[in-house]
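> If you want the building blocks of each chain, they are given just below.
Number of protein chains: 2
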Amino acid sequence: MKIVKPTLLIDEQKAKRNIRKMLQKARSNGAELRPHFKTHQSADVGEWFKDEGITKATVSSVDMARYFADAGWDDITIAFPYNPLEAEEVEKLAKRVTLNVTIVSKMALYHLNQHVSAPINYYIKVDVGTHRTGILPSQTEQIKEMSLSENPNHHLVGLLAHAGHTYQPMTKSSAEKVFMQSMKAFRTVSEIIGRHDLIISYGDTPSCSILDDLPGVNEWRPGNFVFYDIMQEYFNSCTYDDIAVCMACPVVAIHEDRNEVVVYGGGVHLSKDFIEPDGERVYGKVVALSDDGWSTEPIASVVRLSQEHGILRVSDELLSSLEIGSLVGILPVHSCLTADLQGYYVSLAGRKLNKFNKAEA
Amino acid sequence: MKIVKPTLLIDEQKAKRNIRKMLQKARSNGAELRPHFKTHQSADVGEWFKDEGITKATVSSVDMARYFADAGWDDITIAFPYNPLEAEEVEKLAKRVTLNVTIVSKMALYHLNQHVSAPINYYIKVDVGTHRTGILPSQTEQIKEMSLSENPNHHLVGLLAHAGHTYQPMTKSSAEKVFMQSMKAFRTVSEIIGRHDLIISYGDTPSCSILDDLPGVNEWRPGNFVFYDIMQEYFNSCTYDDIAVCMACPVVAIHEDRNEVVVYGGGVHLSKDFIEPDGERVYGKVVALSDDGWSTEPIASVVRLSQEHGILRVSDELLSSLEIGSLVGILPVHSCLTADLQGYYVSLAGRKLNKFNKAEA
Chain A
1 MKIVKPTLLI DEQKAKRNIR KMLQKARSNG AELRPHFKTH QSADVGEWFK DEGITKATVS
61 SVDMARYFAD AGWDDITIAF PYNPLEAEEV EKLAKRVTLN VTIVSKMALY HLNQHVSAPI
121 NYYIKVDVGT HRTGILPSQT EQIKEMSLSE NPNHHLVGLL AHAGHTYQPM TKSSAEKVFM
181 QSMKAFRTVS EIIGRHDLII SYGDTPSCSI LDDLPGVNEW RPGNFVFYDI MQEYFNSCTY
241 DDIAVCMACP VVAIHEDRNE VVVYGGGVHL SKDFIEPDGE RVYGKVVALS DDGWSTEPIA
301 SVVRLSQEHG ILRVSDELLS SLEIGSLVGI LPVHSCLTAD LQGYYVSLAG RKLNKFNKAE
361 A
Chain B
1 MKIVKPTLLI DEQKAKRNIR KMLQKARSNG AELRPHFKTH QSADVGEWFK DEGITKATVS
61 SVDMARYFAD AGWDDITIAF PYNPLEAEEV EKLAKRVTLN VTIVSKMALY HLNQHVSAPI
121 NYYIKVDVGT HRTGILPSQT EQIKEMSLSE NPNHHLVGLL AHAGHTYQPM TKSSAEKVFM
181 QSMKAFRTVS EIIGRHDLII SYGDTPSCSI LDDLPGVNEW RPGNFVFYDI MQEYFNSCTY
241 DDIAVCMACP VVAIHEDRNE VVVYGGGVHL SKDFIEPDGE RVYGKVVALS DDGWSTEPIA
301 SVVRLSQEHG ILRVSDELLS SLEIGSLVGI LPVHSCLTAD LQGYYVSLAG RKLNKFNKAE
361 A
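Taken in order, these protein sequences are the chains called A and B.
Residues in the first sequence are numbered from 1 upward in steps of one, following this note's numbering.
Residues in the second sequence are numbered from 1 upward in steps of one, following this note's numbering.
Next comes chain A alone, as it looks inside the complex:
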């Protein structure tokens, strides 16, 4: 497949290595891996997980749950607060597959109980310190109410948390500290409910990557790790060599006077997320493409982005090696958002990999 425009390449071998490594780590912890598919959003990539024996998935929307149900996944957790307006869609899906929903308040449970009749497993979402959403361990009365389903078809099966506050440069020690706090929150909530058989579902990519052990966690739910990205490298979750996606971008202008190169590849391809390692925004790191992939160490940075333009700051050496029509690789800052922007992916073997399509949802 000839690449003529911004195209997200997937290194299948690296992605599969990331999957196997995480699976092995979860298993050696006695835990199950229920990977988050919001990163790749692809039935084709989902097969790589299936090939390793993974049968349970996590998604971030009802639409994505339906997409993966259509692709044969029959045990799916929607790790996003139950949305009362989608009760009908939840009902339909729950009749087809084992559906696990996330409950963040007693009002949400009440609505689910009243408006969905199909069998549902539900998790109580615990706020372990990120303060995005979820119930605080101090909300004793509400936790008790959330544990008591009024609908006999709805079963509390576990506690679920996302430690979003690990999304910053971490050391093993700071990751351990967050983990200890999270486990304390889980224990408090379990005790309030009075059940010790609840599935403890946890696992952002930084925690699952940096820590060797997550004792007490029954289910790991990382997503980003399948691709990783330069943000995760910056957080110390991975090395550049682990990053399994790279945007191939055509060079369209070269500005020798300011050591800048303009590529076809902008905010609508990469997303506007950035890291700011030394006080300067970086929107991606440039690597050299070759027939069998890309160079591991970055050779330049993406310093500005507009809708379709990416501006690279490059060395004299790199500048003189490029011409318009050259292809460069860009390792994305945040692979989940970059992947979301694609219509499809292309493997290094040139195979088009399908993806959840918003227009069809």
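A few of these clues could be false.
Straight-line C-alpha distance at most 20 Å; calculated PhoX-like pairs for lysine-lysine [to be verified]:
# : chain 1 : residue 1 : chain 2 : residue 2
1 : B       : K358      : A       : K358
2 : A       : K14       : A       : K358
3 : A       : K358      : B       : K352
4 : A       : K2        : B       : K92
Label-pair ranges, simulated between beta-carbon atoms [unchecked claim]:
# : chain 1 : residue 1 : chain 2 : residue 2 : range
5 : B       : K352      : A       : G350      : 31 to 37 Å
6 : A       : S320      : B       : K352      : 49 to 55 Å
7 : B       : D316      : A       : E280      : 35 to 41 Å
8 : A       : E280      : B       : Q168      : 15 to 21 Å
9 : B       : G53       : A       : D51       : 54 to 60 Å
Everything labelled a hint here was simulated from the structure, so no lab data went into it.
Since this is a predicted model, take the numbers as computed values, not measurements.
In this text, a Cβ means the ideal position worked out from N, Cα and C, and glycines have one as well.
Fit chain B to the supplied structure of chain A, relying on the hints for placement.
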């Protein structure tokens, strides 16, 4: 159409009013309006321009040019540097419609001349101070070479510039200053080429909105103005009442303890662009939805975004008026990027409006 998930609503009346206002302004300046369609990317919205007698369009990619050619547009400018890798696609399109391409260097013209045989009109892209790309007025020799096509089918028809440095809070006086500098650059380049019949193509949304007159400009090329957004309001290009798009988002969690509301609507719906008016990032402004649209003045802000979650900071009053399952409206920060993320739009009358689909490109 029942809205149950994040859905970008278009107020057709406001969009049409924005179109008519800009068209009238361009015409009263004796200029043509060649609107940039990268904002809406929709054949349905394109019809609203056609209804006003607009027959020429601007796009930002070859794929988008093909999409609008399929929708009946037969005079299209690709206002993005000519990409040598897409020569074949350019050739095909140029056989179907009047195609105008953007040339940023002599190497680009040389490649076009050698690899495309179909008739092409081309514009020389002038860097008027944004320093994204384009030729500097000081590059005399290269400008001369860029004006001389070696292919008799390729004709230099104009000079094109984008003053991206107007994308900040502007006054009429600062916008005038940028405009004067741009016109000076155009004059220098015209004199080097020795032609005074070249189309002067200009017109970012801030300049075209803030200034009453753009003397000397023959073709206005704004795009964002059809929808506007809170970034443009912040730049003084529009009022809140001019903003023609609003994301309807379901409330999924309410956190009274910290006056925060969580909606279904995150970075994959709104994009991660933000404004920072008082040193704090704002990812969108909240308005109240009603049957016939939304309230004009914002009532809260989106203060954080993750992939699917939006976090609103709200007053006690707003908080107490909401419950899970309520719908709130969010005026986007950057409507071009928000629109790009949608699979389709929905008009206030409940009509689904189609959109360029990356999966099909």
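> So does K352(B) sit 31 to 37 Å from G350(A), Cβ to Cβ?
About 35 Å separates the Cβ atoms of K352(B) and G350(A), which means 31 to 37 Å holds.
> Would you mind confirming whether the straight-line C-alpha gap from K2(A) to K92(B) stays at or under 20 Å?
holds, 17 Å
> Mind checking the hinted window 15 to 21 Å against the Cβ distance between E280(A) and Q168(B)?
Once the Cβ atoms are compared, 19 Å apart, the range 15 to 21 Å for Q168(B) and E280(A) holds.
> Are K358(B) and K358(A) close enough, with their CA atoms no more than 20 Å apart?
holds, 10 Å
> Holds or violated: are the alpha carbons of K14(A) and K358(A) at most 20 Å from each other?
At roughly 27 Å apart (the allowed maximum being 20 Å), K358(A) and K14(A) break the hint.
> Holds or violated: the 54 to 60 Å window for the beta-carbon distance between G53(B) and D51(A)?
holds, 58 Å
> The hint says 35 to 41 Å between D316(B) and E280(A); measuring C-beta to C-beta, is that right?
40 Å Cβ-Cβ, so the 35 to 41 Å window holds.
> Against the 20 Å threshold, does the CA-CA distance of K358(A) and K352(B) hold or violate the hint?
holds, 13 Å
> Starting from the hint 49 to 55 Å, judge whether the C-beta atoms of S320(A) and K352(B) obey it.
Given a distance of about 51 Å, which is inside 49 to 55 Å, the answer is holds.
Hint 2 alone, counting from the list given before, is not met by this structure.
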